[in-house]
Each structure stands twice: as C-alpha cells, then as structure tokens.
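Following the hints, put chain B in place on chain A, whose structure we already have.
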Amino acid sequence: MKRLVAIVEDEAAIRDNYAAAFSREGYAVRTYATRALAMSAFAARLPDLAVIDISLQDEPEGGFELCRQLRALSAELPIIFLTARDSEIDAVSGLRLGADDFLTKDLSLPHLIARVNALFRRVDALRKPAGGTGELIRRGPLSLDAERMQAQWDGKVVLLSLTEFWMVHALARHPGHVRNRQQLMDAANVVLDDNTITSHVKRIRRKFQAVDPDFDAVQTVYGMGYRWVE
Amino acid sequence: MSLRLKLLLLGLATLVLPWAGCNYAREMESALRSGEQTSLQAVAQTIAASLQGRSDLLYREPPPTDAPTDTAEPPAAPQPPASQTSPTAGAYDLRPIALASAPLLDGYSEDWPRDPSAWAYFRKDARHHFGLLSGVFERMLYLLLEVHDEHPLFDAPGINTLDPATFGDRIWIGFDDPQGEQQQLFLAATAPGAVTARRIESGEYGQQTAVLEPRVHGAWQPTRDGYRIELRVPLSMLGSRFGVLVDDRDARGAVPVSYGTLRSDDLHTLGRLIVADPALGSYLTQFLQPGLKLAVTTPDGRVLARADALAQSATLDAGTPLLARLYRRFVDRPGERRLLESHAPIYDRDRAAVIGRLEVTQTADRWMRLRDRALTRMLNFTVSTSLVAVIAMFAFAAWLALRLERLRRASESALTRSGIETSFPETEARDELGDVARGFATLLSRLNEYTSYLRTLAGKLAHEIRTPLTIVRSSLDNLDAEQVPEAARTYLARARQGSERLNAILLAMGAATRVEEAIGSTERVDFDLVPVLSSAIGAYRSAFAPRTFLAELPAGPVMLHGAPDLIVQALDKLIDNAVDFSPAASAITVRLLLLPEAAVIEVENPGPPLPPQLAGRLFESLWQSRADGDSRPHFGLGLYIVRLIAEFHGGTAAARNLPDGSGVGVSVRLARQQ
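In the order they appear, the protein sequences are chains A and B.
Position in the first sequence counted from 1, then plus 5, gives you the working numbering.
Position in the second sequence counted from 1, then plus 349, gives you the working numbering.
This is chain B alone, in the form it adopts within the complex:
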C-alpha cells in the first residue's frame, strides 16, 4: 500500500464530519418534531375547547348519551328486526363517514373511500346479507349498498309500480323527517342504471299511488354476486333516524325475504342517524391552514366532519435542490412518518362526557424544510471540508512520495556514478525527511572517504610493503654471494621467486596511483588515432598468437587532442581483459567508430557474458570478477585505469554483452573537440 493511498484513506476519515452532521440533523429534527407535536396538541386542545358543549354542532340530533363501545367492530349478526327491543341499539345506527368528495352516482364503488372499517354489514343468513357504506359530503348523505343476492330480480316493467305481480328486488329506506314524521321511500329498478326513489301516498279515497321523490336518487348496477346501489339523500330531508331494508325476492310477486335496519312489518326505523351538523365542516374550515387537516370524530372514531388542507402544502420535493434531496436520502430513516398527528377530546357542557374527538394532522413539510435547509448548509460545509482535507492530504502525500522518490533515486544512483555522489536532495528540508536526507548525505560522505581511502590503500600499502620487501630481497642478494650449500640453493631460489611475485604485486598495486600521476603530468598533443591503433594491433597480433585480431578502422585520419601513450595503455588493458576472458585462437575485434563529437574504440571478444550485477560497477576501482586461480596479481584496477584515461579524454567507458550473447564488448568514447 503506497503512502499516497494510506494518507488518502486517512483523509477519508474526515467523512465522519458529514456523518456527524447527519446525526445532528436527525437530532434537530426530532427536537423540532416534538416541539411541533406540542404546539399541534395545543391547537387540538384549543379547537376542542371551542367545540365544548357544542353537541348541536357535532350532531344534528342530540348525541348518543350511551356512547357505544361495541360498535367499533362491525356488527356480525344483528338480531332479527322482530326481536328488536331497544330502538336505540347501536348496531342499527347509521354512522356516515365524512367524504372528501361527492361520489359519482353511477352504481360503481371506485370513487368511495376504501376503508373496510367504515362498512356496516347486515346479515339475515348465508344467502341474505348486504353491506352498507354511508358518507356525508356537504349537505348530502350518500349510501352505497352491496347486496348479496343469488337471484337478482328487476321489477317487471309496467305502469303500476304498486302491482305486486311486478315486484322484483326492492330497497326500502325509512327515516324521520325534521318534523319527526316517519317517511318511507322505496327503490325499484327495471334495468341497470339511474333509479329514483318513490313514495307511497294514500289518496283521498284510500287508493295508494307511488309518487317519485326526485330529491332521492341514485344508480343500480348488478354485481358478480348480487347488485349495488348508490344513493343520494339530502340531509335536509332527514331527521334523527334512518334505516334501510332489503326486500329480496326470488320470483316476481313472491313473498320477500326482508332484512335491514327497518322493522320489516311497519318499516319503522331501528337505528339512529348519527351525523354532524353541516355547519361543523365550515366551522372547522376557519381553523384551517395549509398543511393542516382537522377532523371531528365520534368518541368511537367515526369521522363526523373534516377540513383538509394537507395537499395545499407544497410537496417537499418540488424545487428542492438535487443535493438536498440526495442528503435527505442519507438522513431519512425508512418508514419515518411524514405526518404529525394529535387529538383532543371534545367534552359536553359539563365536561362529564366525551361527545367527540378532534383530530389534527399536520404534514411534516414545514419542519422538514427547515431541517433540509440546515442540513444542506451543514452538509455542504462538512462535505467541502472533507473534500478539501482529502485533497490536501492527497497532495501532501503526493508531495511526500515525490520527495521520498527523489531520495530513493538519489540513494540508488549515489553509488553507481563515478565515485560517490555526496550532494543529496532534500538536505535543506527542516523536517524528518530532511533528517533522513542529511543522514544519507553524512553516510555517503563517510562512505566516500572510506572509498577514497580504499582507492589509495593499494598505493599506500605498496609503499609500506616495499621497505620490508627490500630487506628480504637485499638479504637474498647478499645470501647469493655467500657460500650457500647446494641443498639450500633450492630454498633460496624459492624465496627469490616469492619475493619477485611480491614485487610484481606491489607494482600492480601502485599502478592506478601511477596512472593518476601520469595523467596529471601528461601533456596533450594532436595526433592521428588510426596509425596508433593499427600499430598497437600489429603488436597484439604477434604478442597474443594464436588469437587473431580484426581491425575495423576508418580509412581517413582521426585527429584527437590527447595522449596517445595513455590511449594505448588503456587499449592494452582492454586487450588484456579480452585475451583473458576469451578462448584461445578466438578472434578479438578492435573497432574505431567516428562520431561527430567523439571517437569510439570498441573491443569485442567472444567469451562468457558479463553477470548482470556488474553493470555500471565494472569501471570502479578495486572491482574485479576474475575466476580464482589466476596466478597473476589483479586488483581490479585495469578497467579503472581505462576509465581514468577515457575521462582524461573527456569521454566515458562502458561495457555491454554482445546482442547475441556470444561475448563482451567494451567501448571507450573519446571526445574529439577538447
């Protein structure tokens, strides 16, 4: 893992800032929410208090004093009407819900609220039952009846609707009118579609006629297992009681199976109509604000009236910046409710009984928008802070890596250049990297001292050894002059051989120093390199037979300004090496290339290639890679001398393996313009 990546990861840790911001936003939101909740509660209690004792407003008729508790669940099996005892039994009460809009009277239920708990079910037996959904919108009572009937039967079309022979399935509605008179209307249809209620009136002479009641009308549609009737009744016609009776006939004119919330004998209502005064809705509207919904319910939760302005609140997403919406995705917990609700009981005048409940609903939009604004600002800030931190860290890491890379490169190349490079980058820096660089520089300068000590060691050693060696040799010389027994002569000869070898070693050891001195005192002359080389090659041919020498020299003169003696000396070293590392009777190539700025002498010999670890070190002092067992003294100075001579001529020396791997080529570059 690179330093850059590590610091980048470290920089990512600053992302904890936006995270903390999100958490803070959540905290703020819940605080806001509880504040809103409190104020909403206050609103609810205020409105509820204003409605205290206003049962006239809540209910068109006096409220049920026996607040029923069992009506919360649908009445599963109402008692047959015959056994009905209490006219106030809650099971037959009609409790219309408050509708948000007027349903279209078309016999279809799609435009009704889908609220199963609002349905009331009436059941005679398995074959005879119906569901009733009632609702109030403005000043109208709407009814939706789903009647189960295995044999739906329309009236026979005819003139006299009171002729029993024409009777099919019929629906009776019965109610008190505002004056307290019992009224009954029936609905009969001869075909699907619109239907209008009729009233049975007795004439002066006792004859009965069916009179259309145009204020009560609806639609009749058959369904899969029966029929459906949608009906509208103006509330102004109604008093405090209301009931529905289904006459189910299996054949025209047959005795019907009657069931519902009217007594089947005299069609008197069994249940009350519990519905709010129409003024309640407008009363609530005055408290309405955008984003608020008010509802008054009966104590058991049936909505009497509502005023709804939730939708007037602008939707949250509209006009919200994309970024804010993105942030909200991170902050919002899934399933979080976007609505605040509160409710307060409405008491009667004496605060003795609960006559209703006020429910207040508020959209979360207001504080959500507040929160969003704060959140967006904070997240913008923290994210940009994090971004800046990450970028800064990355840049810093890149800079560090660059410096480290520079150090690394300098440390790698310090030893491979000629001598040791002691100037080191970054040593001026005042940080830890500067310390490291200074440490390196110190180390290198020490190493340099050490290396130069080593380089001069051979010369110094040669000098120091020369004196004792002289003692040995002069003693041997003297011994020669003495009378030495013949047997001892052998040892004398060996001692002399040994001292000669020592002397040769001393000469070799001092060679580099002498070359350096010679170079220092050499005068440069102008000369033609070609005859110098050809003369030298001629000498090598005779000296190193049976090896052959191929000379590739330019035809024209190659003028240089330098020391031909030194160049030949360098060539001697190269040829020595080439001969040592090539098989006997092989061909050594000496080539002179003429470049615009330099003359290049190349010596190529077949033989083992250079080991790769030698690259760049071959021309250093005291480096050698000869196989052991060579009796001649070598101190790795040969190629070092070649380098010194090349550098004296403003050039370089380099060695490489031949492309086909068959041998080694050494090239010495000599600058032509001095």
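The following block holds chain A by itself, in its conformation from the complex:
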C-alpha cells in the first residue's frame, strides 16, 4: 500500500509540482489549499506524512495551527514544515510544535524527497523492535542510530530534527575532523546560509546540554567549521 503524503500549500503551482514529485517517487499524494480543507480530510483519515506551509492563504500562521492540531491527532506522524519564511523564530516555533523538520522552499525537490524517504525510514525503524541491524555509531557517551535517526547521550534520547541529526552524524562519524559549513549542508541535504548553520549548531548543543550540562563535544573551529571532539 502506497504511503500517503499530504501537502498543505496554498500556492497551486508549488503544490502540484510537489505532488508530481511525490507521485513519481511512488507515494500517494493528497493536496490541500487551506487549513480547513486539510483538517476535515485529516479528521477522516490521517496521512502517513504531512508537508505543511506556514502561511495558508488568509491565515499567516495557519501552518502552525494545523501542525498543533495534527500533532494532537497523532504523536508519531512525521510533519515537515516547508515555507518561504526563513526566520529563526519561525524555525524555532515550528520545531517546538513538534515538527520533524523545518525546511525553506529553496530546497530542491530531490533533497526534499530524500528527507521524506529518511523520515519514513525512521518511522519504519521505530516500529521495529530496538537493537535492530541498523548502523550504530558510538562515540563515548554518544550513540547514533542511523536507521532510526535517533541520538542518545549517556543512554538518554536527544530529540533532534532530521537536519540536526544529519549534522551530528556528519560530525561524529569522523571525530576530530573539521567539517565546514558546505559539508554540513551536503550531509543534511539542505542549502542554508552561515547564520542558519550556526543556529542549527547552537540548537544541537543546547539539546545535548539539556541532557548533559557539561556537553562540549561540538567545537567551533573559527573560520573553518565544526568538529566533534571526544
């Protein structure tokens, strides 16, 4: 059975382009132009993954509201914000509402598809019993489950967004090696500017520090990039 991807986007051309891309990848696609249309459909049947724009026609924050309602319906449903907005505040509030990823619309379709695929992989992996066959990276207290896209620090789960997970993954795979920003972007399948990467790194640190206040494994190499130190 095909997985159902819901696209909530008020711009018809983008909506249809995304729909075409997802269809080509073998997903079933439903598209909605407004929050009301989407919610009535979701009430009837939950999709397997939702791609939501923040501003929906006459509701500038309609995407956030939709995300909150959707998250209320299902805690596991992968939600991706895809928006023309790129402000830090929007990203933070989107992720805080329980979105799995916050992407700007300049992301290319292949990158988007890659993320969606990854999210589905994670859903699948989470459904399997723990301790599967997936690739597991251990760096001191850190363990990264690439299959489930889950990070643990001292055995405690650190909830990372997809982009953040891929960045940590890229850094921790080769500890001590400096990863510049371009490399981090490539790893995370995103195109971001320096400040956004910096804030991603800060967010990663903050999330690890929430688990372990002494966390200092992500080091800034000024002028070059970041590296993982054990």
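Hint data in this document are derived by calculation from the structure and do not stem from the laboratory.
Treat the numbers as computed from the prediction; the structure is a model and nothing was measured.
Please note that the accuracy of each hint is not assured.
Capping the alpha-carbon separation at 20 Å, the derived lysine to aspartate or glutamate pairs in DMTMM-like fashion look like this [as the list claims (entries may be wrong)]:
(1) B:K809 to A:D95
(2) A:K7 to A:E81
(3) A:K207 to B:E872
(4) A:K207 to B:E866
(5) B:K809 to B:E866
(6) A:K207 to A:D191
(7) B:K809 to A:E93
(8) B:K809 to A:E16
(9) A:K161 to A:E140
(10) B:K473 to B:D599
(11) A:K212 to A:E235
(12) A:K207 to B:D875
(13) A:K207 to A:E235
(14) A:K207 to A:D219
(15) B:K809 to B:E798
(16) B:K809 to A:E64
(17) B:K809 to A:D63
(18) A:K207 to B:D877
(19) A:K161 to A:E235
(20) B:K809 to B:E865
(21) A:K212 to B:E872
(22) B:K809 to A:E66
(23) A:K207 to B:E865
(24) B:K473 to B:D574
(25) B:K809 to A:D198
(26) B:K809 to A:D15
Below, chain B without anything else, positioned relative to chain A:
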C-alpha cells in the same frame, strides 16, 4: 555677505536719527538766529532813536549837511590847493576812525588797524604823495602819515629852527581851535625818533620864534620810500577844521613842494574834522552788554565811536565737552558767520536827514550755546539709540546665525550618523526658524521611514521572490525526471543555473535580516579573542592562497564578553572585502590592538584607496562601491553587518585610507567591559 553683516548694515540705517537731529538743530539754529536778528534790530533802532537829533553828540561840530556820497572811495587826485574853491569840499575832510586802543607813538604802523579803506591819499604828482590815517581814541586824535619822498631830508641840527637854511622836510598841521582861531604847528626832525610840534609866534617887535607845543607830539621814522610820522593831538585843542601839509624839500633851504589839506600859501585849512564828541563813546557804553558791539558811523560808514564788549563773551570752545565740540563739527556749515549784525539810521531832529548810522554786532555765542546744549542732548540720545539698535540687531543676527548654524550642523550630520537622527534642534521655536526645523524634522522622519523600509526591503523582497522561485525550481526538478530530449537538457541546465543564481541572490538579500535576528537571539559568553582570531586567520590562509595573511596578535589572552561566532562572521566580511579589493598574492594584515577600554581588530589590505565621498557612509545598509562586472551578488550589506556586530559588542566600525595611500584599513572596536 553673512546674515550678521547684513543686519549690522541694516542697523546702521538707524544712524539716520542723529542725521535728522543735526538737521533739526540747524533748523532750530536758523530760527533762533532770525529771532536774535529781530531783537538785535530792535536794540539798534532803540539806541538809534535815543540818538535822534543828537548831532551834538555825534559830531563835535555841526554835521555835514551835504552828506557826501563820493567820499566812500579814496580821493584819487585832489585838486591843487590853489584851485580850491569850496572850503567844505569833502575830499579834504578828515574823518578819523574810532580806534580800539591807543597806538604807541613810535613811528611804526603795526599797532594801527589794517583797514585800507580808512586811509586818505593825497597826491601832487608821481613823486609827491602821502597817505594819511587818522583815528580817535578817547580824547586824542592820532595821525599816521606815510609820506613818499625820494630824498628824505631831516632838518640840519641847529639852534634856530626858523633859519631857512636848516629847513629839511617839514609837516604842517593846521586847525581851528575851539574858539575858531586858526592855528598852525609844524613838525621838524633832525633825526629819527620822537618829535614835538612847534608853533611860530610873533614877538612884540615882530620877531618870530618857534615855541614847542608839548601837547602835540609823535615820532618820525624813515621808511623804504620816504618817512612815516605818527602823531597825537588832543581833541580839546581842535575845533571843526583840520589839515595837514607836507613840505618836501630836495635840499636844505630849497623851495619846498607843498601839498596836503592846507592851503600852501596861508596855511588855512581846506577840510573839516569830522569826529564824534568824546561823550558819544561813554553814551554807547551804557547800552553795552557782554557779547555786544555798538558803533556809530557817519552815513557813509566811517566809524565815529564804538563800544565793544564782544571779547567779554566767553569763547565758545572753553568748557564745552569734547562730544559737543565733535557734534558741532557735523552741524556747523563751513563759513557760517558767528556774528549777528544789525544797523539803524540815526536821523536828525526832524527825521529829514540821516546824520549817522548805528551798527550793532552780537556774537552768536548765546544762541550757539543754547543750540549746543539741545544738540548735545539730542545727539546723545539719538546716537545712544542708534548704538543700542545696532547692538541689538547685531546680537539678534548673531543669535539667528547661531540657530541657523545649529540647524545646518544638525542637517549635515543627520544623515551621516548611524541611521537617521530625527531629533532636531529648534523644533520648539515658534518662529519661522522653528517652522524650518520642524519641516526638517518631518522630512527626516519620512526619510527615516523610507530608509528603514529600504533596509527591510531586501528581506521582504527575498521572501516574496522565494515563492515564484520555488515554482521555477520545483518545475525544473520535475522536468529532470521527465523524458527530456538531450538537446533540451542544455537549456534545462541553464535554467537551473539561473535559478541557482537567483537563490544565491535571495540568500544574500536576506543576510542582513538574518544577522539582525541572530544578533537578537545571541547569548553572550566570555571568551578569549586571540585563539578565535588565529584560528580564523589560519582558515583564511588556506582559503585565499596565494594571498598571505600577517597576524599581529597580542601574546596574552584578550578576554571579551560577546559572541565569537559573530566576530568571526564580521571578520569574514572584512576579509572578503580585503581580498576583493587587493591584488592577488598581496599580504593582508590582521591586527588586534589592546586598548584599556576596547579591543580593536584592524584589517589592512593593499589596494585602491577609498573615494573621499564614501567617508562615513561605508557602514550603512545598501551601500556599495564595487566595480561593475562582479558576478557575485552584493547588496552593500557586508560592512553593514560588520557594523551591527561591532555595535552588538558596544563598539564601532571605521574605515580609513592607509597613511601612505597604499591601501585601506578597516578597524572594528569592541568594548572590553560590558
């Protein structure tokens, strides 16, 4: 011409006040003068009336009834005495002037009035003539004779002055005595100096002797072309007739050439003596006041008597304040007469004939002093008014200029400071300058809105363009998956390149907004700037080879409280600029200076200097001066971001040309104490 100068000139216009005052003073003066003239005329007429019919007082003898009119001009050539017919012919009359003082009888004429018209001339021929000046002072008649004589000849000294052989030049005077008897005296001198008249008397037996007449004496002095005799005769000796005869001899004892106002044969007088009674002078004196001069003249203008108190009037300048004297210089017209004159005829008892004239002269001092007092007061007032007006105008102008200057400075600096200064001086003022200032403030606040709109425009634009760009890019992505002919792939690739560039532009446009957001959410940490910089410089070395980087960093740690990420980001921008504007393989210097209150990062690169018009604007948003042809998108946000980051660290950013003009240095000052 500055406003101050203009208003000062305008203030000078109030000097018209003193000018008007001067004119007013002149008017007043002429009114005073005509009033004085009238009253003086009244004085003259009163005194003249009191003298009406008093010919006894005016003349010692009955006045000439045939008031001569031709004697005003000197008698050029009197008829020879032989042909003399009328004993009353005016040409021989002696009309002494009234003397102001008694001449010293020394034979010199210096102490006589210098009045050519007072002289009477008697001329026999070219070789024989003399001039006679006569005057009365108190009760004496004074005579001054200037005799032309090519051969002046003194008497031979001897005992008998009546011996004809001793005779030199002699002077005869003849007159009536008060009893009407004819008297003759002669003057003879044997040497220059004092001379006394002699009278020829006949003795009982017919012998003649020369008797000294001591009441008539004088002095005899030779002159360049003759001799001069000064003589004094008491008026009490004289009756109504008087004459002078010159006996000119070329050799002692020779027959003389005689001429003058005596008949040369019997020495009888030809002319009358017209002289006032001595009492006239004292009569006039009773009318005298200080500053007044009274004179009685004959109808033809010969002064008979005068009383003079002009000099008793205090001189005008004495005790007059300097200021008043200065004012008078402006008011007095040159050549203005300082004396008032008036005259009135004196009639005889029947008012039928004019027997004389009364002349009254008054100094102008009295009304001049009046005028001066008024003038001084008025001029003091008007000049001080003008002065106050000028000073007030100047002060006002200075104040205006100061306010204008403040406005100007504020308007000049409004745009060069960070952002736009909308607080403006003088906006509280309620005058036109306040209107101007308010206009400026309004303009600036509008400009500020406009500028902040521009500043956010890039971000807004980026946001708005992102949606259509997404349509294009997602369409291209979809197109990739379709069966596209190989020939069309080229165009697809180009479309993708174009959209990538658009995307890069969008990123650059939003950069400033993101930095502002990032700054807003940045947490400050304590960190050592030195390793941060050295790490960054290490990265630049590898990134921008073959350019070399010189790091001048302090040995010790430089602790700051701030965001190292942002500082590195600012440094990135500076290095980007330095690399873009410097030749390949050049050396870029990064220096960290430690000041007591701040750490200063300096980046210096060789390259073209900054154009002067950029000074102060380099760190503004949306300002750029890159040469065209750079393919990378630039929105002039790089240095603006540097400024934002410097300001986040309580500092400033500044750019300057290197002293030797070889390049540009940018310094970012970061405060050390937060």
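Status of the hints after comparison with the structure:
1. B:K809 to A:D95: Holds: B:K809 and A:D95 sit about 15 Å apart, inside 20 Å.
2. A:K7 to A:E81: Roughly 18 Å between the alpha carbons, so the hint for A:K7 and A:E81 holds.
3. A:K207 to B:E872: Roughly 10 Å separates the two Cα atoms, so the pair holds.
4. A:K207 to B:E866: 14 Å, holds
5. B:K809 to B:E866: 14 Å, holds
6. A:K207 to A:D191: 18 Å, holds
7. B:K809 to A:E93: 15 Å, holds
8. B:K809 to A:E16: 18 Å, holds
9. A:K161 to A:E140: 18 Å, holds
10. B:K473 to B:D599: 15 Å, holds
11. A:K212 to A:E235: Holds: A:K212 and A:E235 sit about 17 Å apart, inside 20 Å.
12. A:K207 to B:D875: 16 Å, holds
13. A:K207 to A:E235: Roughly 18 Å between the alpha carbons, so the hint for A:K207 and A:E235 holds.
14. A:K207 to A:D219: With Cα atoms ~15 Å apart, A:K207 and A:D219 stay inside 20 Å; holds.
15. B:K809 to B:E798: 15 Å, holds
16. B:K809 to A:E64: 18 Å, holds
17. B:K809 to A:D63: Since the Cα atoms of B:K809 and A:D63 sit roughly 18 Å apart, the hinted pair holds (cutoff 20 Å).
18. A:K207 to B:D877: This hinted pair holds, its Cα atoms lying about 19 Å apart.
19. A:K161 to A:E235: 17 Å, holds
20. B:K809 to B:E865: 14 Å, holds
21. A:K212 to B:E872: The hint holds at about 15 Å.
22. B:K809 to A:E66: Judged against 20 Å, a Cα distance of about 17 Å means the pair holds.
23. A:K207 to B:E865: 17 Å, holds
24. B:K473 to B:D574: 16 Å, holds
25. B:K809 to A:D198: Holds. B:K809 to A:D198 sits at ~17 Å (cutoff 20 Å).
26. B:K809 to A:D15: 19 Å, holds
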